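J.: Here is how the chains run, residue by residue.
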Amino acid sequence: MALSPAQVRHIAKLARLEISDAEVEKYARELSAILDYVEKLKEVKTEGVEPTAQVTGQANVFRSDVIEDKGITTDALLATSPLPIVEQQIETASAHG
Amino acid sequence: MSLPSLTIAQAHEKLKKKEISSAELTKACIDRIEKVDKNLNAVVHRNFERALEEAKKADAKGVFEHPLAGIPYLAKDVFCETGIPTTACSNMLRKKDYIPPFDSTTTKRLKAAGAISMGKANTDEFTMGASTETSCFGVTKNPWDQTRVAGGSSGGSATAVAADECLFALGTDTGGSIRQPASFCGCVGLKVTYGRTSRYGVMSMASSLDSIGTLAKTVEDAAIILQAIAGKDPLDATTGDVPVPDYLSTLRKGVKGMTIGLPKEYFIKGMSPEVEAAVRSAAKEMEKLGAKVVDISLPHSSYAIAAYYVICPSEVSSNMARYDGIRYGHTSDKQDNLIEYYIRSRSGGFGPEVKRRIMIGTYALSAGYYDAYYRQAQKVRTLIRQDFEKAFQKVDCILAPVAPTPAFKIGAHTDDPVQMYLEDIFTAPINLAGLPGLSIPCGASKEGLPIGMQILGPQWGEETILRAGYAYEQATEWHTRKPALTSPEQ
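So the protein sequences, as listed, match chains A and B. With the first letter of the first sequence counted as 1, position 15 gets the number 15 in the working numbering; the numbers rise by one all the way through. With the first letter of the second sequence counted as 1, position 15 gets the number 15 in the working numbering; the numbers rise by one all the way through.
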């Protein structure tokens, strides 16, 4: 499964990554090699086999919808942001350009 | 015997009898780190002042009832601890060091037991790798040969334990990241059943595979640590609601009457003959100790890496979405619009292996490819899990190699991601099946490099593998070998 440079650019865009022109060839080669390798999954007969998402067989886990004080303040959580904090909110660039 | 080379059990005895203080023990580990870590590069964030303060407090209190009270340790750089930089060895969290305002459940439980946190150990970036070479702090050296890798991703933790920089270290294992470095560095590595320990407060890589475990000097020490960190946590809904047994009370029961399986798919063409010989001779030793060893088959083993390298990157691509330069992490000075800001922050913060996995996952989960890749991989995962379930109807545990070779040279696989992925060939199936695995030293190569084997158990079967590992350890001397650390620079 060979990925073209255009496909790599498209995947990168979906993943919110920017790949320089110099890197596109390298990633195309590496990602294609990985996809070639995983291609062998197609050899396995899986008709009637259920997929495993949760390996110990747990289903939904519920808890009461009660606010618990964990001793963490809003300010402490906001302090980890690299962006300016304005009235207990993180100020970001505009989503509309 | 120097203080940092003590096991937890030995140090505990001395602390209890007041032969040593926790401050002396902690200071001795700090001195050891200052002396050897410039070369080894196992420790990336140092919390020494606070560690010494905590140790002095423990001494002032003078109560060393819990076996971990006053014992200094290191955590892999993905365990959040209030006020201590935790950066997943990624530029994404390093430019402005991420300093968590909360504790992971595991470090919190260790703190409650009285253990002393000394700082953070090196790892591959966001735990993605098998050699610690993708760390933004540079590679961790193998203490047995500093031209070789320590393994990964918990390479810093393994080197730190093997080189006596701490008494134990925490690690995470998603596809072999505790067991393989333990094997490369010659220490004990315990990967638990998925959900036996809490993942809360540990930076996620692949949430259906990640498990929290430990690197230690002996099997007994691993049992002591597991006792302190195991059990249900309301903050991690995937922890199992199953009782935690008293691991130390059954540790010494031996392997007499146990049936141990040797899976033929784990002895393959291309693996090191020395590794194969070491594991087969360990099986003989188990027989001598009274176990019955039988050949078994796990027929879907050869598809495990392919399934793993679809499922893992798919989950990576989703988990890494949180690193968008808003709540924490790398930022970009140019802020014209939000999408561009995300793209610049992420592209500047993540290294190449993280980008590769995000892109593979994005592709595998995208419309039109989901069924062929992700869903098919999850079905193969079922078949792999069933292989083990069938095997455990006949055997109590399984004995297998950890990695196909001893530690490889730094740089050997850096240009070939698929070769690097194949490092996980014997370890990743265990994560797909959610099983516990214990890696322990069982030999040495001609060059003196450690060789490890893994003992695998059924889900929630930590008791059995610890018991088998302990019996083997008592009968052999491999775990007592120490690296000489004789590099020209030292």
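Honestly, the hints are just simulated from the structure, not real lab data. It should be emphasised that the depicted structure is a prediction, and the values quoted were computed from it without experimental measurement. Check before you lean on any hint, since a few could be wrong.
Unchecked claim - Rough simulated footprint, nothing fancy, chain A against chain B, three-plus residues with beta-carbon under 8 Å:
hint, stretch
1, 108 to 116
2, 291 to 300
3, 335 to 346
4, 365 to 373
Don't be surprised by glycine CBs; every beta carbon is placed ideally from N, CA and C.
J.: All hints are to be evaluated individually against the structure, with a verdict given for each.
T.: Checked hints:
1. 108 to 116: violated (count 0)
2. 291 to 300: Per the Cβ count (1), the hint is violated.
3. 335 to 346: Since three or more residues must qualify, the claim that chain A covers the stretch 335 to 346 of chain B holds, with 11 doing so at under 8 Å.
4. 365 to 373: Result for this restraint: holds, n = 3.
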